Amino acid sequence: MVKKIKRKNSLVSKNLAFYQKHIRTTFVQLFLVSSLNSIVYLALTGTVTTTNVTALGEFVNVQINAWHTIILVVTYILGIITLLESNYSLLREREKEITTYLSIGWSLKDISRLLLKEIAIWSSVAVVLGMILSTFVYAILFSISLSHIILIIGVCLVLFSVVMFISRIFIERLLRRKHIKTNSLSA
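With full-length UniProt numbering applied, the sequence shown has no gaps in its numbers, which climb one by one up to 187 at the end.
Do not rely on the hints blindly, as some may be mistaken.
Unchecked claim - Taking lysine to any residue and the SDA-like style, the derived pairs with C-alpha atoms no more than 25 Å apart in a straight line are:
hint : residue 1 : residue 2
1    : LYS14     : LYS96
2    : LYS14     : ILE150
3    : LYS14     : LEU83
4    : LYS178    : THR100
5    : LYS109    : TYR19
6    : LYS117    : TYR88
7    : LYS14     : THR135
8    : LYS109    : ILE166
9    : LYS96     : ARG113
10   : LYS109    : GLY79
11   : LYS117    : THR47
12   : LYS14     : LEU116
13   : LYS96     : LEU108
14   : LYS21     : ALA120
15   : LYS21     : LEU11
16   : LYS178    : VAL28
17   : LYS117    : VAL28
18   : LYS14     : MET164
19   : LYS14     : LEU91
20   : LYS14     : THR75
21   : LYS178    : VAL12
22   : LYS96     : ARG176
23   : LYS109    : PHE170
24   : LYS181    : ARG113
25   : LYS117    : THR51
26   : LYS14     : LEU102
27   : LYS14     : SER124
28   : LYS109    : GLU172
29   : LYS117    : LEU11
30   : LYS14     : GLU95
For the record, the hints were derived by calculation from the structure and aren't laboratory data. Just so you know, these numbers come straight off a predicted model, no measurement behind them.
Based on the provided sequences and hints, a complete structural model is requested.
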């Protein structure tokens with residue numbers, strides 16, 4: 001009982017509630033990217049498998065195989081770029097808060113840990129919901145197998161890892177810059 005109350009009043013949950021309007025956009029983008037990336041890949045490979053039955057289908061697939069690859073690469077690049085921009089905007093929005101943490105004596109490691117926990121919570125929820133949606137949509141459109149589900153989970157895990165890795169880099173750069181500004185102002 002005490003743990004539930006304590007978790008409800010944690011700084012992470014308070015920050016998530018306070019910044020929900022800023023998080024919402026990035027959450028929706030991450031949800032869409034995680035659901036669409038799997039569907040696009042599986043739909044393209046499913047179409048190729050279906051059309052490879054005939055010689056004409058095989059010829060067409062060979063001719064458009066490069067386009068399939070380009071579509072997939074562009075999808076991933078656009079998804080990552082929008083996530084980068086959204087995450088960067090979210091962190092820039094919180095610069096005053098970060099400055100306050102530094103001024104009251106928080107270490108860079110503590111601030112980084114707090115921000116990464118918050119990002120891990122909402123991004124994992126977005127990725128899992130996107131994964132569930134992509135599984136259902138793909139199951140409606142095509143026959144689904146265990147290998148498809150494993151691929152969807154793998155794509156979502158990679159996406160989550162990329163989001164966390166990029167977030168960590170952004171947070172560390174922002175904190176270093178803030179720390180340098182704070183130290184130069186106090187000197």
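Going down the list of hints, with the structure as the test:
no.	hint	result
1	LYS14 - LYS96	16 Å, holds
2	LYS14 - ILE150	35 Å, violated
3	LYS14 - LEU83	23 Å, holds
4	LYS178 - THR100	10 Å, holds
5	LYS109 - TYR19	21 Å, holds
6	LYS117 - TYR88	16 Å, holds
7	LYS14 - THR135	32 Å, violated
8	LYS109 - ILE166	16 Å, holds
9	LYS96 - ARG113	17 Å, holds
10	LYS109 - GLY79	29 Å, violated
11	LYS117 - THR47	40 Å, violated
12	LYS14 - LEU116	15 Å, holds
13	LYS96 - LEU108	14 Å, holds
14	LYS21 - ALA120	17 Å, holds
15	LYS21 - LEU11	17 Å, holds
16	LYS178 - VAL28	29 Å, violated
17	LYS117 - VAL28	19 Å, holds
18	LYS14 - MET164	21 Å, holds
19	LYS14 - LEU91	16 Å, holds
20	LYS14 - THR75	34 Å, violated
21	LYS178 - VAL12	21 Å, holds
22	LYS96 - ARG176	14 Å, holds
23	LYS109 - PHE170	14 Å, holds
24	LYS181 - ARG113	21 Å, holds
25	LYS117 - THR51	45 Å, violated
26	LYS14 - LEU102	19 Å, holds
27	LYS14 - SER124	18 Å, holds
28	LYS109 - GLU172	9 Å, holds
29	LYS117 - LEU11	10 Å, holds
30	LYS14 - GLU95	17 Å, holds
Violated hints, in rising order: 2, 7, 10, 11, 16, 20 and 25; the structure is consistent with all others.
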